[in-house]
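J.: Letter by letter, the chains look like this.
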Amino acid sequence: MMQLKCPWCGLRDESEFVCGGTTHLIRPDLSVTDATWGEYLFFRDNPRGVHLERWRHAYGCGQWFNVARHTVTHEVLSVYAMTDPPPAHS
Amino acid sequence: MASRRLPQPAGTWIDRSHPLSFTFNGRRLSGFRGDTLASALLANGVRLVGRSFKLHRPRGVWSCGVEEPSALVDIGQGARRTPNVRTTLLPLAEGLAAESVNCWPGVGFDVGALTGACAALLPAGFYYKTFKWPSWHWFEPAIRRMAGLGRAPTAPDADHYEEVAADTDVLVIGAGVAGLAAAAAAAGAGARTLLLASGAQVGGALSWGADPEVAALAASARQVGVRIQLRTSAFGIYDHNLVCAAESVSAEGAADLPGCVLRERLWKIRARAVITATGALERPLLFPDNDRPGVMLASAAHKYAQAFGVACGRRAVIAANCDDAYRLAAALAAAGVEILAVVDRREGAAPIAGAAGLRVLTGATLTAVHGARSVRGCTVAPLGGGRGERLHCDLILNAGGCAPAVHLHSQAGGKLRWVAESAMFVPDGAAPGLTSVGACAGVLAHAPAVSHAAEVGEALARGGVPPQAPVGGAGRSDAITRVPGVRGKQFVDLQNDVLAEDVALAARENYRSVEHLKRYTTTGMGTDQGKTSNINALILMGEYTGQAPAQVGTTRFRPPFAPVTLGTIVGRRVGALYRPLKRLPAHDWHAAQGALFETFGDWCRPAAYPRTGETLDAAAQREAATVRKCAGLFDGSPLGKLEVYGPDAARFLDLMYVGTLSTLRIGQARYGVLLNENGTLVDDGIVARLSEQRFWVNTSTAGFERTAAAFEEWLQCEYVDFKVLITPVTSRWANVTVAGPRAWEWLAKLGFEAALTPGAMPHMSLRDSVWEGHPLRVLRASFSGELGYEVNLPADHAAALLARLWAQARELGATLYGIEALQVMRVEKGYIHIGTDTDGTTLPGDVGLARGVERKAGPFVGRRSLLRAAARDPGRLHLVGLVPLDGQTLLPVGGQIAPNPPPTLTEGHVTSSYLSPELGVPVALAMLKGGSQRTGEEVRVHHLGTIIAARVTQLPFVDPSGARVHG
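Protein chains in written order, with the working numbering: chain S, 1 to 90; chain D, 1 to 967.
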């Protein structure tokens, strides 16, 4: 069970949070093909390494924030706001 | 009697002034306080404890600890029955009743031993090859009955369990000399230090010797503030240095326990740094029939003699593969066990000092063990072959070498390194967040272990890098100990009856990777998890495939290290606390009215209010009929309620919903559906405008939390510049619903104001009002299809309003109604229930909401998905009504619609189905392929072998003009 540092509440157990999956997704507009739309909906990168994802402190303050997490070691490299640009990890 | 109690001063852990009595297989025996069940059995000369898993071989006590594979028993009765308890760890308690497992009728005469006679038919993986004709299913029940060891309890666990969270700077796991030294040093350097000892004493492998060094280390640890937690066994390490441990609190199996005790406590410990000092296990030698009762681990015999005052036999032969065997031989001789010989398989091994007077054979091994239920002797011979010599021993001690307990290190992701000289795996450096000290780090020499541990403790306390472990001191041990060219079964894994020849079989059949070896032969898959077998198995696989043990590698180490009681993991989350249900604010009032409560999602709600002798279905029919004829009272408080507020609230709701909400006038309401990005229906509800910037949003009861969460996600992650606040208010407002032709008449009796009359307040509108000083938000809406008022008022006053309305009910002929009646009425009206009539594929057009999509100008969630070709396919499933042709048979929910019996492609299924009190016939909703073009068609509904003919109808079944809602 990991610990995540909620930007507002501090270090809490993983069970207080809900993971929202990959972050920084860009929605294509209505004019794209069905295939492109399907890729946006259903295809995600699954890196063995640093993954940028978003989490919500569902059983705490309810706020969303971004996390850079290593998918193998679960090392949390950084926590940053929804509106911040992606950090320069690998 | 081969094994017996020794006289004092042997037995430093037992208290001879406190005898205890217990039973084993019904036989009354006695021991002392401080004994384990295993030591007490041995003291009473009991050699035969159980029968092995597959071959039903007679088995006895093999070890003196957590690694025990054979001496497992069931204890207790009924709810307190615990299966597969290791006798080597179970403290003896007064009145303990233990039974052997896996034998019938008894451990002495076991019918299952016939399987042993058929052993040749039952090699590893036999079930992949045999018992297949005519069908595996003929044999499967019998084979499954034979599998397993003990028998499970027959009633829910009556005891309780706790969970405690702890936070510390340094956590030390293991209270042997290395652990004590590390903990004392860490605390001395200023760290908050917690030390876990799995047993009742500190001192680890030296704890029974009254060693002054142990006492001094323990005292100094306590003095510098180390917190020592006894009887607490760490079983797993998880992400971010979370260590879980199980603390044993009350006496297992004692006859005089009260009805419910605190049995165990789960510790969840977060530590900045973790130190493991978990010691080392023994790796046994292989030789024929090395599983017989009377064959034991050498260190175990030593511990039984010193700590428990039990001699495991009178005349022992020690099968040796390490220098430590000689120290054990000397110690046992001093304790009163005659050592006939030390049979050392290592060529050129020199007996160490202190072994004077011992007969030593080098380059030799055991080639046979005599005695099936109890060792009577053995035959030893030189390794290269040659004449065997028979030794008349009654105890064979297995001193095969050292196996550092690297489990927690490996769970934490640490790597292992093979030390060829001593044939053992040691940690290859530290694991992330976890450092090993002492024997588990491969430091077997005493002084270096203590000093290295202290250095590690201090370094970690200061946040520095711990020094490397000075691995060594285990001496020389042969890796491969299998005896070639002799008859007899050489057991690798005692618990699962895996033989050396099974490993050879796996290699021959190409199951060569260590993970395949494990699963094909089941070695290491028993309750002991291969603690004394995994390494021998991989060494053997290496021998058969020409690889070094390091190349074969180990299987993945997973928690728990040892079996953990399920109750300990569950803690207090049992019974009503397992899934706490939400209750209506007026729950007690409903109960007083005779409500039949059922669980709907997370809520406990009245399904109906049956009269005496009335079934639920009959009550629902009566209630629905009364609502349509007169009026009914319903508690809709669980319905989701949100306030959406802000300058951008209207714009936001237009983005979320298929419909357009921004055009609502103040006080006007509209039904809206929510889609996900894939275009599927996920929720629905009525939205009303309270003011220019404030909206009252109803969601479905089940969808409330996910809809509120979805709105938050959109606002916080995507539309970050929108000025909108979402406030969940479901529990703040109760919802008292009055429905039926006389609904307004009923409310008027209580003085509800004239502005709410049907003439003044149209259907689908919302008005603020007041009743007896309480603020109301009254919504004219209807899920029943009748004139309906949803009166929202502060939750605390729901019961008062319900009671006042109910007091007028008899005069009107009105009824209370529950969820079942509401479902009957909404199906009569063809209203969908998201999640019942829809699933993860249902699009708005499938349920008749296509016009809403076409009319909507702007973007909304899911819009793009509705443009896909598949979304416009006329052959999609559409919502239709169904009526059985015979006018009588209730169509089963889930019934498949198809022209032919199976196997066939289906055309749809029934989603909701009830008897209609209004029409007197059963009616159903269904999803049917191309259904919108098939009105009037006859279809066949299939269910569990029956076929029901039905006709496709238009919806709704009742009041097609929809005039009734207007009142």
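Fair warning: there could be bad hints in the mix.
Taking lysine-lysine pairs in the DSBU-like style, the calculated list, with each CA pair at most 30 Å apart, reads [what the hints assert, rightly or not]:
no.: 1; chain 1: S; residue 1: Lys5; chain 2: D; residue 2: Lys415
no.: 2; chain 1: D; residue 1: Lys129; chain 2: D; residue 2: Lys489
no.: 3; chain 1: D; residue 1: Lys856; chain 2: S; residue 2: Lys5
no.: 4; chain 1: D; residue 1: Lys268; chain 2: S; residue 2: Lys5
no.: 5; chain 1: D; residue 1: Lys856; chain 2: D; residue 2: Lys829
Some chain D residues close to chain S (C-beta under 8 Å, calculated; not the full set) [as the list claims (entries may be wrong)]:
no.: 6; residue: Gly150
no.: 7; residue: Glu389
no.: 8; residue: Thr626
no.: 9; residue: Glu713
no.: 10; residue: Arg863
no.: 11; residue: Asp873
If you're looking for bench data, these hints aren't it; they were derived computationally from the structure.
Just so it is clear, CB atoms sit at the ideal spot from N, CA and C, and this is done for glycine as well.
J.: All the hints need checking, so say for each whether the structure fits it.
T.: Structure-based check of each hint:
A threshold of 30 Å between alpha carbons decides the hint, and for Lys5 (chain S) with Lys415 (chain D) the separation of about 29 Å falls inside it, so the pair holds. Restraint check for Lys129 (chain D) and Lys489 (chain D): satisfied, since their Cα atoms lie roughly 22 Å apart, inside the 30 Å limit. Taking the CA atoms of Lys856 (chain D) and Lys5 (chain S), the gap is near 42 Å; set against the 30 Å cutoff, the hint is violated. Between Lys268 (chain D) and Lys5 (chain S), the direct Cα distance comes to roughly 19 Å. Compliance with the 30 Å bound is thereby established for this hinted pair.
Using a Cα cut-off of 30 Å, the hinted pair Lys856 (chain D) and Lys829 (chain D) holds, with the two alpha carbons roughly 25 Å apart. Hint status for Gly150 (chain D): violated, given a least beta-carbon distance of 31 Å to chain S, over 8 Å. For Glu389 (chain D), the suggested interface contact is broken, since its CB lies about 56 Å from the closest CB of chain S, more than 8 Å. The criterion of a C-beta within 8 Å of any C-beta in chain S is not met by Thr626 (chain D), whose closest approach is roughly 42 Å, and the hint is violated.
Contact between Glu713 (chain D) and chain S, as hinted, is supported at the beta carbon level, the nearest pair being about 7 Å apart and thus within 8 Å. Here the hint on Arg863 (chain D) is kept, as its CB sits about 7 Å from the closest CB of chain S, short of 8 Å. Checking Asp873 (chain D) against chain S: minimum C-beta separation of about 13 Å lies over 8 Å; hint violated.
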